[in-house]
Amino acid sequence: MSRGAVKARKRPQPKRRASIGKWLGFGIPIAGIVGLVLFGVLSSGPDEAVVSSAAPDFSLPTTDGTMVSLQDLMAQGGDVLLYFSMGVGCDGCFAQIPEIADDLAAKEITFAPIMVNPADQVAADAARFGITTPILIDNSRKVSSAYGMIGVYGHADRPAHSFALVGKDGTIKWVHHYAKMFVPADEFMKDLGSSS
Numbered sequence: 045m046s047r048g049a050v051k052a053r054k055r056p057q058p059k060r061r062a063s064i065g066k067w068l069g070f071g072i073p074i075a076g077i078v079g080l081v082l083f084g085v086l087s088s089g090p091d092e093a094v095v096s097s098a099a100p101d102f103s104l105p106t107t108d109g110t111m112v113s114l115q116d117l118m119a120q121g122g123d124v125l126l127y128f129s130m131g132v133g134c135d136g137c138f139a140q141i142p143e144i145a146d147d148l149a150a151k152e153i154t155f156a157p158i159m160v161n162p163a164d165q166v167a168a169d170a171a172r173f174g175i176t177t178p179i180l181i182d183n184s185r186k187v188s189s190a191y192g193m194i195g196v197y198g199h200a201d202r203p204a205h206s207f208a209l210v211g212k213d214g215t216i217k218w219v220h221h222y223a224k225m226f227v228p229a230d231e232f233m234k235d236l237g238s239s240s
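Heads up, the sequence shown is in my numbering, so the first residue is 45 and it goes up one at a time.
Calculated directly from the structure, the hints in this document are not laboratory data.
Below 25 Å or equal to it, Euclidean Cα-Cα: the simulated SDA-like pairs (lysine to any residue) are:
| id | residue 1 | residue 2 |
| --- | --- | --- |
| 1 | K151 | D116 |
| 2 | K224 | Q165 |
| 3 | K224 | A167 |
| 4 | K224 | R185 |
| 5 | K217 | L114 |
| 6 | K224 | T176 |
| 7 | K186 | D164 |
| 8 | K212 | I141 |
| 9 | K224 | A145 |
| 10 | K234 | E143 |
| 11 | K234 | Y222 |
| 12 | K151 | G214 |
| 13 | K151 | G136 |
| 14 | K234 | M118 |
| 15 | K186 | P105 |
| 16 | K224 | I194 |
| 17 | K217 | Q115 |
| 18 | K151 | M233 |
In this text the structure is predicted, and so the values were computed from the model without any measurement.
Work the whole structure out from these sequences, hints included.
Set out below in structure tokens:
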């Protein structure tokens, strides 16, 4: 046989096999994360069940200790917008208050932010943002729970960024949960306008 006629034999390459353990070690955590994200997204969102129902009554202290009830807020004559937020640790939540306060006042909507953090911490952050709107304190989370605001978007112990509009007749006219922690005024007012 001539040299040119000899075919070079290729050595068989060893097959690379990933062990089942490696695949499971990688796949199980990824599947778990995907599952948690899907659960959070699918189990959250607007709670339409409370719309058209009677608004739960409450009386809560502000950061300075003044007691304010839903009836006090409704006595101002217009609709009442309750804003349930994460509060301390969420700068966007505090920035939201002055962002929409003037637009709400122009529409004669009484605005009542509600937070679950200790009053002194809320007052400190409110001062940092120059907020003059009274913020109600729901340490027990009873009011937030009564309005269906706990557990939204995976926050088991506090509200996310949620709103409930209580009409002059005392019924809930609109509920909206935002996945983001700050909503520009024009976008928010457009969403709120869809409640009429």
